[in-house]
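Given chain A's structure and the hints, the job is docking chain E with the ligands onto it.
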Amino acid sequence: MQEVTTEKKEFVPNIVAFCCNWCSYAGADLAGSSRLTYPANVKIIRVPCSCRVNPSFVLKAFQQGADGVILCGCHPGDCHYVTGNYYTRRRMALLYSFLNYLGIEKERTRLEWVSAAEGARFSAVMNDFVKTVTDLGENKRLTDLRVKEGE
Amino acid sequence: MKEVELKMKERAKALLESGEVARVVGWKKGDFCFDPSPATFETVDELNEFVYDYFCGANLSKYLIQIAKKEGKTAVFLKPCDTYSFNQLVKEHRIDREKIYVIAVECLAKLDIEKIKAAGVSVVTGVEVVDKDVNVSSPYGNVTLYKPDVVLTKCATCNKTHQVKDEEIILHQRPAREVDRFAEVVKLENMTPDERFAFWREQLSKCIRCNACRNVCPACSCVKCVFDNPNSGIAAKANDDKFEEQLFHVIRAFHVSGRCTDCGECSRVCPQNIPLHLLNRKFIKDIDTNYGEYQAGETSEGKTPLTSYTESDIEPNDAVNGEAK
Ligand code: SF4
Ligand code: SF4
Numbered sequence: 001m002q003e004v005t006t007e008k009k010e011f012v013p014n015i016v017a018f019c020c021n022w023c024s025y026a027g028a029d030l031a032g033s034s035r036l037t038y039p040a041n042v043k044i045i046r047v048p049c050s051c052r053v054n055p056s057f058v059l060k061a062f063q064q065g066a067d068g069v070i071l072c073g074c075h076p077g078d079c080h081y082v083t084g085n086y087y088t089r090r091r092m093a094l095l096y097s098f099l100n101y102l103g104i105e106k107e108r109t110r111l112e113w114v115s116a117a118e119g120a121r122f123s124a125v126m127n128d129f130v131k132t133v134t135d136l137g138e139n140k141r142l143t144d145l146r147v148k149e150g151e
Numbered sequence: 001m002k003e004v005e006l007k008m009k010e011r012a013k014a015l016l017e018s019g020e021v022a023r024v025v026g027w028k029k030g031d032f033c034f035d036p037s038p039a040t041f042e043t044v045d046e047l048n049e050f051v052y053d054y055f056c057g058a059n060l061s062k063y064l065i066q067i068a069k070k071e072g073k074t075a076v077f078l079k080p081c082d083t084y085s086f087n088q089l090v091k092e093h094r095i096d097r098e099k100i101y102v103i104a105v106e107c108l109a110k111l112d113i114e115k116i117k118a119a120g121v122s123v124v125t126g127v128e129v130v131d132k133d134v135n136v137s138s139p140y141g142n143v144t145l146y147k148p149d150v151v152l153t154k155c156a157t158c159n160k161t162h163q164v165k166d167e168e169i170i171l172h173q174r175p176a177r178e179v180d181r182f183a184e185v186v187k188l189e190n191m192t193p194d195e196r197f198a199f200w201r202e203q204l205s206k207c208i209r210c211n212a213c214r215n216v217c218p219a220c221s222c223v224k225c226v227f228d229n230p231n232s233g234i235a236a237k238a239n240d241d242k243f244e245e246q247l248f249h250v251i252r253a254f255h256v257s258g259r260c261t262d263c264g265e266c267s268r269v270c271p272q273n274i275p276l277h278l279l280n281r282k283f284i285k286d287i288d289t290n291y292g293e294y295q296a297g298e299t300s301e302g303k304t305p306l307t308s309y310t311e312s313d314i315e316p317n318d319a320v321n322g323e324a325k
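Protein chains in written order, with our numbering: chain A, 1 to 151; chain E, 1 to 325.
Accuracy of the hints is not assured; some may be wrong.
[Said to hold, decoys possible] Interface residues of chain E toward chain A, partial, derived using beta-carbon atoms under 10 Å:
1) Glu195
2) Arg201
3) Val223
4) Lys282
5) Phe283
6) Asn290
7) Tyr291
8) Ser312
[As the list claims (entries may be wrong)] With a cut-off of at most 20 Å between alpha-carbon atoms, the simulated EDC-like pairs for lysine to aspartate or glutamate come out as follows:
9) Lys106/A to Asp318/E
10) Lys91/E to Asp166/E
11) Lys7/E to Glu202/E
12) Lys147/E to Asp133/E
13) Lys117/E to Asp53/E
14) Lys106/A to Glu189/E
15) Lys140/A to Asp194/E
16) Lys13/E to Glu42/E
17) Lys106/A to Asp313/E
18) Lys9/E to Asp53/E
19) Lys140/A to Glu42/E
20) Lys13/E to Asp133/E
21) Lys60/A to Asp228/E
22) Lys106/A to Asp194/E
[Said to hold, decoys possible] Far from chain A by the CB rule (all over 12 Å, computed), these chain E residues:
23) Lys9
24) Tyr63
25) Pro80
26) Glu98
27) Tyr101
28) Thr125
29) Pro148
30) Asp166
31) Leu188
32) Cys222
33) Lys285
34) Asn317
Honestly, the hints are just simulated from the structure, not real lab data. Positions of the beta carbon are idealized from the N, C-alpha and C atoms, including for glycine.
So that you can see chain A by itself, here it is in the shape it has in the complex (with noise of 0.2 Å):
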C-alpha cells in the first residue's frame, strides 16, 4: 500500500509560453543551444505570429490548468509579417486589463517581446514570470476543477 504523505508539495506552477515561430520561438532555441537554463515547466506552445493567439486560446489555457500565461512575440517593428504584433499588442492590452477586472490577477499574464538573438532575455524573462507565479500561487480561479482534482 503506498504511504499517505501529510508533507506539502512544494507549489510549481504550469507556464503556458505563446511563442512565435519567427523571433521567440528561435530565441528559445538560442537560450538551450547557449546552455541558458529556463525552468521546465515552462510549456511553449510555437505559433506563427504573435497575432495568431486568440483571446479564447489564453482563455483555454487557464481552464485546462495554467496558473499563468505568456506570450511572446517579435518586437514591435520587426514582425515577420510587417504588422502582426501591433494588433496583438491591443488585443492583449485589452484582455489582460479585463481578465484582472474580473479578478484574476495581473501577475498572471505578461506579453513580453524577445527576438531571435536575445536568448539569454529569453532565459531571464522565463525564470522572472516563473518565480512571480511561484509567488502568487497556485491559479484557482479560471482552472475547470476535474482538471486539477486529476492530477
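For chain E with the ligands alone, coordinates are given in the frame of chain A:
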C-alpha cells in the same frame, strides 16, 4: 408620447399607401400594457396594432439584418441609441443602407417594468408619465413613482442623440444631463482582485446560458456563432465546470469590444439581471484611456480600435489598470 405615436402611425400609413416602402418596422401591442414587441407592418390594417410608448425599449436595428434582405425598401423607427447600432451594422456590411428609410423618433427614456414591480406594484394595468411622475394604475390602488428610479438601466446614463436619419418625428427633446456611465466600472476597479472575483463570481453564477444577451446584441451578428457549436464545450450550461460561465462571458464581451455601442440591450434582456453592461463598459473605458475616445456607431465608416494600431501603443503589461492600491 401619445401624439408622437399618432404621428408615427400617420407617417407609416402614408409611406405604405404611397408604396415608397414595402414595410415598416416598429413595435406592436403586447398582451399587457408593458410588453410591446418589435414587429413588421406590411399593410395599413396591420397598423392598428402599432404602438409607441414608454415600454418600447427594444432596439430595432438588429432585425434589419434579415429584413433588409427582402424585396423593396423598409422604413424603421429608431431611437437615439438604436441609430448607433444601425451605423455599426452598416459599417460591418450587415445592412444595406440604401434599402432602409430611417425615421428618427424621440425617446425621453424608457421604463423598466421589473423596477416598477420591485417598487411594490405587483399588478400593472396602465402607466402614464407626466414629467417626472410615473402614474401606475393597478387594481390594488394607483401609485406614483419617481421616473428616474424606474427607467431602464441603459437609459439612466444615456445622453445619446440621433446619428443617422432620413426624417424625424421629435416633439420633445430630452434635456442633456451630466451622466457618468463609468462610475460603476471605477467602483469595481477600486476593489481588490479578490473582491472583484467574488463580485463577478456571484453575478456570473446566476447565468442560465439562455443566450439572450448574445441574441439581442446588434454587435453579435455572426451567421454562425462559436457558442452554437456543440463540440465547443461551451454551448450550453454545464454546471460541472465553474469556469464555464466565465469563459462564455469573457469571449462574448471581448468579441464585441470596439464594436459595442453601449446600447445596453444585453443587460435589459438578461432574465437573471446580470449587469452585463459593466463588462462591455470596461472595454470601452480601456479603449478610451489607451487609444483615445472612441464611440462605436458614431459613423458608418472608418476603422475600429481593434482593427488599427499606432506604433507607440501602450504595452499590455502597463495597460492593466484599476488595481487596488
Ligand atoms: S454588448 Fe450589450 S451594450 Fe454592447 S452592443 Fe451588444 S447588446 Fe449593446
Ligand atoms: S442573458 Fe443573462 S442568463 Fe442569459 S446567457 Fe446572457 S448573461 Fe446568461
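Verification of the hints:
no.: 1; hint: Glu195; in the structure: holds, 8 Å
no.: 2; hint: Arg201; in the structure: holds, 8 Å
no.: 3; hint: Val223; in the structure: violated, 19 Å
no.: 4; hint: Lys282; in the structure: holds, 5 Å
no.: 5; hint: Phe283; in the structure: holds, 6 Å
no.: 6; hint: Asn290; in the structure: holds, 6 Å
no.: 7; hint: Tyr291; in the structure: holds, 7 Å
no.: 8; hint: Ser312; in the structure: holds, 9 Å
no.: 9; hint: Lys106/A to Asp318/E; in the structure: holds, 10 Å
no.: 10; hint: Lys91/E to Asp166/E; in the structure: holds, 17 Å
no.: 11; hint: Lys7/E to Glu202/E; in the structure: violated, 46 Å
no.: 12; hint: Lys147/E to Asp133/E; in the structure: holds, 6 Å
no.: 13; hint: Lys117/E to Asp53/E; in the structure: holds, 18 Å
no.: 14; hint: Lys106/A to Glu189/E; in the structure: holds, 12 Å
no.: 15; hint: Lys140/A to Asp194/E; in the structure: holds, 12 Å
no.: 16; hint: Lys13/E to Glu42/E; in the structure: holds, 10 Å
no.: 17; hint: Lys106/A to Asp313/E; in the structure: holds, 19 Å
no.: 18; hint: Lys9/E to Asp53/E; in the structure: holds, 12 Å
no.: 19; hint: Lys140/A to Glu42/E; in the structure: violated, 56 Å
no.: 20; hint: Lys13/E to Asp133/E; in the structure: violated, 32 Å
no.: 21; hint: Lys60/A to Asp228/E; in the structure: holds, 18 Å
no.: 22; hint: Lys106/A to Asp194/E; in the structure: holds, 12 Å
no.: 23; hint: Lys9; in the structure: holds, 44 Å
no.: 24; hint: Tyr63; in the structure: holds, 29 Å
no.: 25; hint: Pro80; in the structure: holds, 27 Å
no.: 26; hint: Glu98; in the structure: holds, 32 Å
no.: 27; hint: Tyr101; in the structure: holds, 37 Å
no.: 28; hint: Thr125; in the structure: holds, 42 Å
no.: 29; hint: Pro148; in the structure: holds, 28 Å
no.: 30; hint: Asp166; in the structure: holds, 35 Å
no.: 31; hint: Leu188; in the structure: violated, 7 Å
no.: 32; hint: Cys222; in the structure: holds, 14 Å
no.: 33; hint: Lys285; in the structure: violated, 9 Å
no.: 34; hint: Asn317; in the structure: violated, 6 Å
The structure shown violates the earlier hints numbered 3, 11, 19, 20, 31, 33, 34.
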